Amino acid sequence: MRVDAKHCFEVEPSKRSVHEAAFRVLMTAEPAAKCAGARQLWEAWQSGAFRVEPERPLPPPLLQPGRPARPVLLPPAAMPKRKVGTREGHAALLHAVAHIEFNAIDLALDCVWRFAAMPAAFHADWLRIAAEEAYHFGLVCARLEALGFSYGDFPAHNGLWEMAVKTMDDPLARMALVPRVLEARGLDATPVIQEKLRQIRDTASLAVLEVILRDEIGHVAAGDRWFRWLCVERGVPPEPTYQALVARFRAPLPHPPVNWAAREQAGFSRAEVEALLALRAR
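In my numbering, the protein residues as written are 1 to 282.
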């Protein structure tokens with residue numbers, strides 16, 4: 001499904017459903033159009049163009065959002081290894097970051113489309129995050145193009161969206177396992193990637209990663225905030241609930257080195273992360 005991003009979000013006299021609008025962008029396959037749509041959604045929300053429909057029923061699982069024909073998706077274990085010191089390895093590293101950012105647009109938009117019963121502030125957070133992820137994607141793609149490559153030139157994996165499918169019936173599980181597990185792992189991985197870029201003196205990409213890390217702390221913090229809000233609503237303790245969900249869904253555990261400062265800014269306690277590291281050590 002392709003959507004003309006220029007005309008998707010013209011506001012009618014009566015406010016439009018933010019969930020339907022988010023779904024249209026979610027199902028947009030062409031990356032530039034998806035990014036433009038995410039930005040326009042956020043602008044339109046800020047202007048008061050949309051309404052939240054809290055009585056809207058939970059939609060069925062969405063196995064795949066709108067995606068371009070490339071990149072080819074492989075199982076994580078089948079992803080080829082490349083040395084960052086080569087031109088192809090350098091580009092493959094940036095391509096992996098771009099793929100994460102592209103998926104993150106869909107993950108944020110799916111929250112808006114799927115969890116209509118959540119408060120308006122929840123939808124505002126994830127619309128803003130979708131627009132910021134689109135901005136990140138554009139920044140990384142520009143660095144790829146400077147090396148002579150484009151998004152889609154390397155294979156990628158589908159791990160982020162697979163977790164979204166597993167958590168499509170419960171916003172508590174979604175907030176726990178996408179922002180607080182998968183995206184939080186990105187907080188740990190970014191300094192490692194930055195060091196690789198520093199070694200090959202790619203200062204322009206280093207600057208892009210600084211922007212992404214700054215914003216991603218806020219994205220994980222939004223997931224943490226809504227996870228804790230849902231725990232209060234359901235009368236369950238946050239940290240034991242989190243550990244139970246990680247175990248139930250066999251979610252990946254933190255991988256050292258841990259970016260302690262970023263995780264603490266995003267809402268994690270040191271004891272919580274240390275408990276997960278202890279499980280990994282078993």
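Treat the hints with care, as some may be off.
DSBU-like cross-link-like pairs, simulated, lysine-lysine; straight-line CA separation at most 30 Å [claimed, not checked]: (1) Lys166 x Lys81; (2) Lys81 x Lys196; (3) Lys15 x Lys196.
The set of hints was computed from the structure by calculation and includes no laboratory data. Since the structure is predicted, the reported quantities are computational estimates derived from the model, not experimental observations.
Structure-based check of all given hints:
This hinted pair checks out: Lys166 and Lys81 have alpha carbons roughly 28 Å apart, not beyond 30 Å. This hinted pair checks out: Lys81 and Lys196 have alpha carbons roughly 14 Å apart, not beyond 30 Å. Restraint check for Lys15 and Lys196: not satisfied, since their Cα atoms lie roughly 48 Å apart, outside the 30 Å limit.
Hint 3 from the list above is the single one not met by this structure.
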